[in-house]
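Participant: From just these sequences and the hints, can you work out the full model?
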Amino acid sequence: MNVAIIQFPGTNCDMDTYRVFNDYLEIDVTLFWHENTDNLEKYDAIILPGGFSYGDRLRAGIIAAYSPVIKQLKKISLKGKPIIGICNGFQILVESGLLPGALLTNSNLKFICKWVNLKVEHNNLFTNSLQSGSVIHMPIAHNEGRYYVSDDKLQELERNNQIILRYSDSDGNTSMDNNPNGSISNIAAVSNANGNVLGMMPHPERASDPLLSPYSTNNGIEIFRSMILSLEVMLKE
Amino acid sequence: MTKVSEFKIDLLISPKPELRNPEGDTILQDLLLRNNFDYVTSVSVSKVIQLIVKADNLGDAKNKAAIICDELRLYNPLVSSCTIRGTE
Amino acid sequence: MSTIESIDHSLTDNELEYIEKSLNRKPNNVELSMIDAQWSEHCSYKSSKSLLKLLPTKGKRVLFGPGYEAGVLDVDNGQVLTMHIESHNHPSAIDPYGGAATGVGGVLRDILSIGTRPIAVLDSLRFGNLSNPNNRWLLQNVVRGIADYGNCVGIPTIGGELSFDSCFDTNCLVDVVSIGVGKKKQLIFSEAKNVGDILVLLGNSTGRDGIHGSSFASKDLEDIPTDRSAVQIPDPFIKKLIIEGTMDALDAGLVSGLKDLGGGGLACCLSEVSDMGKTGVEVDLGKIHLRESGMEPYEILISESQERMLFIINPDNLDTISKCFDKYNLQYSIIGKVTGTKHVVIINNGDMIVDLPTELIANAPLINWPKTKPKHLDSKSVSKPELPVDINETLLKVLSSPNLADKSWVFQQYDHEVGTNTIVKPGESGASVIRIAPEKFIAISVDGNPSHCYLDPYNGAAGVVAEAMRNVISVGAEPIAMLDHLQFGNPSNSDVFWTFNETIKSISDFCSYIGIPCVGGKVSFYNEDAKTHKAIKPSPVISVAGLIKGEHNLRTRKLHSSRPLIVMVGETFDELGGSEYYSSIGHSQDGIVPQLNFELEKRAQKLVRDCIKVGLFGAVNDCSKGGLIHSLLQMCTISDMGASIDLSNIPSNCKRWDELLFSESHSRFITTIKKENFTNLLNISRNHDIPVSIIGSIGGHNLQVYNKDDNLFSYDLDYIRSYAYDSLSKFMGGQL
Numbered sequence: 219m220n221v222a223i224i225q226f227p228g229t230n231c232d233m234d235t236y237r238v239f240n241d242y243l244e245i246d247v248t249l250f251w252h253e254n255t256d257n258l259e260k261y262d263a264i265i266l267p268g269g270f271s272y273g274d275r276l277r278a279g280i281i282a283a284y285s286p287v288i289k290q291l292k293k294i295s296l297k298g299k300p301i302i303g304i305c306n307g308f309q310i311l312v313e314s315g316l317l318p319g320a321l322l323t324n325s326n327l328k329f330i331c332k333w334v335n336l337k338v339e340h341n342n343l344f345t346n347s348l349q350s351g352s353v354i355h356m357p358i359a360h361n362e363g364r365y366y367v368s369d370d371k372l373q374e375l376e377r378n379n380q381i382i383l384r385y386s387d388s389d390g391n392t393s394m395d396n397n398p399n400g401s402i403s404n405i406a407a408v409s410n411a412n413g414n415v416l417g418m419m420p421h422p423e424r425a426s427d428p429l430l431s432p433y434s435t436n437n438g439i440e441i442f443r444s445m446i447l448s449l450e451v452m453l454k455e
Numbered sequence: 371m372t373k374v375s376e377f378k379i380d381l382l383i384s385p386k387p388e389l390r391n392p393e394g395d396t397i398l399q400d401l402l403l404r405n406n407f408d409y410v411t412s413v414s415v416s417k418v419i420q421l422i423v424k425a426d427n428l429g430d431a432k433n434k435a436a437i438i439c440d441e442l443r444l445y446n447p448l449v450s451s452c453t454i455r456g457t458e
Numbered sequence: 007m008s009t010i011e012s013i014d015h016s017l018t019d020n021e022l023e024y025i026e027k028s029l030n031r032k033p034n035n036v037e038l039s040m041i042d043a044q045w046s047e048h049c050s051y052k053s054s055k056s057l058l059k060l061l062p063t064k065g066k067r068v069l070f071g072p073g074y075e076a077g078v079l080d081v082d083n084g085q086v087l088t089m090h091i092e093s094h095n096h097p098s099a100i101d102p103y104g105g106a107a108t109g110v111g112g113v114l115r116d117i118l119s120i121g122t123r124p125i126a127v128l129d130s131l132r133f134g135n136l137s138n139p140n141n142r143w144l145l146q147n148v149v150r151g152i153a154d155y156g157n158c159v160g161i162p163t164i165g166g167e168l169s170f171d172s173c174f175d176t177n178c179l180v181d182v183v184s185i186g187v188g189k190k191k192q193l194i195f196s197e198a199k200n201v202g203d204i205l206v207l208l209g210n211s212t213g214r215d216g217i218h219g220s221s222f223a224s225k226d227l228e229d230i231p232t233d234r235s236a237v238q239i240p241d242p243f244i245k246k247l248i249i250e251g252t253m254d255a256l257d258a259g260l261v262s263g264l265k266d267l268g269g270g271g272l273a274c275c276l277s278e279v280s281d282m283g284k285t286g287v288e289v290d291l292g293k294i295h296l297r298e299s300g301m302e303p304y305e306i307l308i309s310e311s312q313e314r315m316l317f318i319i320n321p322d323n324l325d326t327i328s329k330c331f332d333k334y335n336l337q338y339s340i341i342g343k344v345t346g347t348k349h350v351v352i353i354n355n356g357d358m359i360v361d362l363p364t365e366l367i368a369n370a371p372l373i374n375w376p377k378t379k380p381k382h383l384d385s386k387s388v389s390k391p392e393l394p395v396d397i398n399e400t401l402l403k404v405l406s407s408p409n410l411a412d413k414s415w416v417f418q419q420y421d422h423e424v425g426t427n428t429i430v431k432p433g434e435s436g437a438s439v440i441r442i443a444p445e446k447f448i449a450i451s452v453d454g455n456p457s458h459c460y461l462d463p464y465n466g467a468a469g470v471v472a473e474a475m476r477n478v479i480s481v482g483a484e485p486i487a488m489l490d491h492l493q494f495g496n497p498s499n500s501d502v503f504w505t506f507n508e509t510i511k512s513i514s515d516f517c518s519y520i521g522i523p524c525v526g527g528k529v530s531f532y533n534e535d536a537k538t539h540k541a542i543k544p545s546p547v548i549s550v551a552g553l554i555k556g557e558h559n560l561r562t563r564k565l566h567s568s569r570p571l572i573v574m575v576g577e578t579f580d581e582l583g584g585s586e587y588y589s590s591i592g593h594s595q596d597g598i599v600p601q602l603n604f605e606l607e608k609r610a611q612k613l614v615r616d617c618i619k620v621g622l623f624g625a626v627n628d629c630s631k632g633g634l635i636h637s638l639l640q641m642c643t644i645s646d647m648g649a650s651i652d653l654s655n656i657p658s659n660c661k662r663w664d665e666l667l668f669s670e671s672h673s674r675f676i677t678t679i680k681k682e683n684f685t686n687l688l689n690i691s692r693n694h695d696i697p698v699s700i701i702g703s704i705g706g707h708n709l710q711v712y713n714k715d716d717n718l719f720s721y722d723l724d725y726i727r728s729y730a731y732d733s734l735s736k737f738m739g740g741q742l
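Protein chains in written order, with our numbering: chain C, 219 to 455; chain R, 371 to 458; chain S, 7 to 742.
Bear in mind the hints are in silico, worked out from the structure with no lab data behind them. For clarity, every value in this text was computed on a predicted model and none was experimentally measured. Ideal placement from N, C-alpha and C gives every residue a C-beta, glycine not left out. There could be a bad hint or two in this list.
Said to hold, decoys possible - Only pairs whose alpha carbons sit at most 27 Å apart, straight line, appear in this in silico DSSO-like list of lysine-lysine:
#	chain 1	residue 1	chain 2	residue 2
1	S	Lys413	C	Lys328
2	R	Lys417	C	Lys328
3	S	Lys377	S	Lys59
4	S	Lys564	C	Lys332
5	S	Lys736	C	Lys328
6	C	Lys332	S	Lys413
7	C	Lys292	S	Lys333
8	S	Lys333	C	Lys293
9	S	Lys333	C	Lys289
10	C	Lys328	R	Lys386
11	S	Lys619	S	Lys555
12	S	Lys736	C	Lys289
13	C	Lys332	S	Lys446
14	S	Lys377	S	Lys52
15	S	Lys333	C	Lys260
Said to hold, decoys possible - Interface residues of chain C toward chain R, partial, derived using beta-carbon atoms under 8 Å:
#	residue
16	Tyr272
17	Gly273
18	Arg275
19	Leu276
20	Ile281
21	Tyr284
Facilitator: Below, the structure is given as structure tokens:
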């Protein structure tokens, strides 16, 4: 099994994500520079890590969304391979159309870095090793994390179980009080209709070591572990 | 009796041309030129703040907008210029 | 040599005479511009160099100290820690966003140019009172500038300090500390050491930005200049690419010398690399990648365009190194070569337009300003305020001072988690901790206290060092080095220069006594009101680095029910001059400031370090600004746990409750222990001859203070938060 982590000029969280796969999960992982002409298809899963690709210029994720490697990614997505976009990665996925919606400036108009509670809404390829309905902890760190979709689309996302994580309180209740950035319906992570592409604003790679967590938890690693377990099943078939 | 009307005033806040505009440069190099839109030679990014101002006439509305700009420091004159445009 | 019309410069007649005498001719205008830039206070330290020599710089882990791009410390296993401090006071006062952002850019470049990767940033910010909207505007934009830059470049801003005083109304202070890690064998220096090496200028094109930036920093702030050249535009995206390109080039092992271009631009950079290398350089201006056409030679040479690095390499290695730059689409130009002439030679259009001996440019004649002891130091009144009648009102007033308030409004704008190594985060202690290897951590603090320093420069300055050390000890670290940033008014003001002298003496004395080396620092003069010439209060800012081995040695302020007893370490004295308390209740800024007893401080620090090592102490917090009550409140709020204390148990001769609560005496800590460990602690404390006492216990959700049988006050933590501790967010809430 081999996972690729795509790097753009300005990507910052590539090494953090690499460490989780390489050191903690002991999975073969490759740092894939955006201009690399290798075939992306030879990887079993692709991660778009967080950061400030192209300095977030014009709009976060837009310039990366037009790069050749993302064109390749679109084809790969159609084949059902797991793809995770974290923070800036999520922004790239929405700008490229691989995920619905848009990520707008936080409602308080500032960058926010803090740990949040997240409710696991559904079990899927990326959350199978977590309990649906449980509350997990991860940090967010973003300027443009306010998720938006039209009301129609929101209903569709709900019908199709595409809302994977929501910001919540420690008991799993969701309201504006525990919504750090004004995302519609407290959405923190969504998947595509097919369920193989996940976009999430919180950083699971920063919640994979209990020493880094104010709660001494490491829920973040479960996102990656779920994906790997699902892949193992998929690859056997 | 003077009729008080409403005027739409646009404050165009632009980076001063003689200063660097890293955002514009990145859009030009990494988005436009990379995707072969090579007939564009320069990009600069500005911001528009739109006000609806109650005033006696357009000139008065623009003056009021200018005062707001300066007093509340809607732009930093050291790095940006502010063009005030208005319509009835 | 060509002649040009007269140019702006700040050289004195004496300096001009000196130059002419050394050269045996008049310098031309381009040469004058170069010397002017290099001899500015900011670049040359001409007013402070001789005094700075007093600071102790040797230590068992010190590899390189002051005089290098950054301080370098051996932290075992072939790993080095680098540290540096920078300020952008003057630029931030007129363009807070750009000034603060480029301040971060500057300090990162220094860490990078010695061959290490920057891993963290801290900021130390001082503004006038927030009741003035201009100060809110400055704070808002300085924080945004630091956030946008640090976040984009992917380096965590892990801590800092923020305080307010009316003396900073027209002269805010924006200081930035950075630390880096790398391999000892990969260290590189800013020296052009090999004749025949070529000079490669990497990064942003050179434009008219920031011209006279370093001389601007070396003057009092005039009316806001409309001249664009004082402004420096930040570009963290290109900085990120430069960091990656540079690290790749260094990994290839083919770089001979490296220096960043900061104050004084290319002029200073060239003179410094040839001075360090004891060689000469020759540069052709026509080879430099420029932003705009029609630039005058002097403009090219003193431009302070950001994000530029000078690589000095063997020409055979150019191919390999340029591939590192090409990967990130970084611009570069081969601008010249290293010669053996010991001169800085500049060519333009085939003509030699500058030919200056390196030794001349790089060594400005030093200035010894006159000193007189400020009168206010002799005429101190020591009247005490009346004991407040309304304890509640007083307490809430003090605790709601923005100086003491919760700072999450600031640090939640900083990505302090990127890198997945920030172990002790902002707010969790007075120092931050970052992991640099498995089971190996660096603690870093930054502190200042202008109120103390104004009233008593000697005790104030040494006290700042002590506080910064205590903060690092409180996270379980052994202090290993410090940086000093000395910020004062105009050195030609004899009061100011006396105070500067006193400050250095004090820091030297204490650091020598307690055994902590100074590995770098900065001096920032000319921080005074342009109209009234009133100087800022003396503001030495100190950053201390510490080393922690073993996760089990890490500590924070967080309370835990397994260690329920609250212990006070150290004695509280009646010395409230310059305290937050006096400031909050409007008592004139007089009185005795906390006296630093060197010996007592050393013993108290050792006691705490020893007790942490043997696992006696749970939560640990330094006790200083705002006194014991503030220190305790910090511990309760971060843990969301209440506490109850009895003032009569505090080791002290003070009788008044306000003195006990708010005294800012040195050499004190608050910690928590298990009940069964107190006897052991008592024995250890006797060996160190430091008083310890159980002053209370944790529990509930209230902050409760007794004085023997009197219940002085009891507040729910949520109440204190909303009425006092969250005051900063409230002040800044209306800002966009």
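Participant: Does each hint hold? Answer for all of them.
Facilitator: Results for each hint:
1. As the CA atoms of Lys413(S) and Lys328(C) are separated by approximately 15 Å, the hinted pair is consistent with the 27 Å bound.
2. Under the criterion of a C-alpha separation no larger than 27 Å, the hint pairing Lys417(R) with Lys328(C) is consistent with the structure, at around 17 Å.
3. For the hint pairing Lys377(S) with Lys59(S), the CA-to-CA distance comes to about 18 Å; that is within 27 Å, so the pair holds.
4. A C-alpha spacing of about 17 Å is found between Lys564(S) and Lys332(C), which places the hinted pair at or below 27 Å, so the restraint holds.
5. Only pairs whose Cα atoms come within 27 Å are accepted, and Lys736(S) paired with Lys328(C) is accepted, the gap being roughly 15 Å.
6. Of the supplied pair hints, the one linking Lys332(C) and Lys413(S) holds, its CA atoms being roughly 13 Å apart against a limit of 27 Å.
7. Distance hint between Lys292(C) and Lys333(S) is fulfilled; the C-alpha atoms sit about 25 Å from each other, no more than 27 Å.
8. For the hint linking Lys333(S) to Lys293(C), the alpha-carbon distance of about 26 Å falls within 27 Å, and the restraint holds.
9. Proximity of Lys333(S) to Lys289(C) is assessed by CA-CA distance (about 21 Å); at most 27 Å being required, the pair is judged to hold.
10. Between Lys328(C) and Lys386(R), the direct Cα distance comes to roughly 25 Å. Compliance with the 27 Å bound is thereby established for this hinted pair.
11. Taking the CA atoms of Lys619(S) and Lys555(S), the gap is about 10 Å. The hint holds against a cut of 27 Å.
12. Restraint check for Lys736(S) and Lys289(C): the C-alpha separation of about 47 Å exceeds 27 Å, so the hint is violated.
13. For a cut-off of 27 Å, the pair hint linking Lys332(C) to Lys446(S) stands: about 25 Å separates their Cα positions.
14. Taken as a hint, the Lys377(S) and Lys52(S) pair is honoured in the structure, with Cα atoms around 16 Å apart against an allowance of 27 Å.
15. The straight-line distance between the Cα atoms of Lys333(S) and Lys260(C) is roughly 23 Å, inside the 27 Å bound, and the hint therefore holds.
16. Nearest Cβ of chain R to the Cβ of Tyr272(C): about 5 Å, under the 8 Å cut. The hint holds.
17. Evaluation of the Gly273(C) hint against chain R yields a held restraint, the C-beta minimum of about 6 Å falling below 8 Å.
18. Checking Arg275(C) against chain R: minimum C-beta separation of about 4 Å stays under 8 Å; hint holds.
19. With a least beta-carbon distance of about 5 Å to chain R, the hint placing Leu276(C) at the interface is held under the 8 Å criterion.
20. Interface restraint check: Ile281(C) against chain R, minimum CB-CB distance 5 Å, threshold 8 Å, status holds.
21. Given the 8 Å rule on beta carbons, the hint for Tyr284(C) holds: about 6 Å separates it from the nearest Cβ of chain R.
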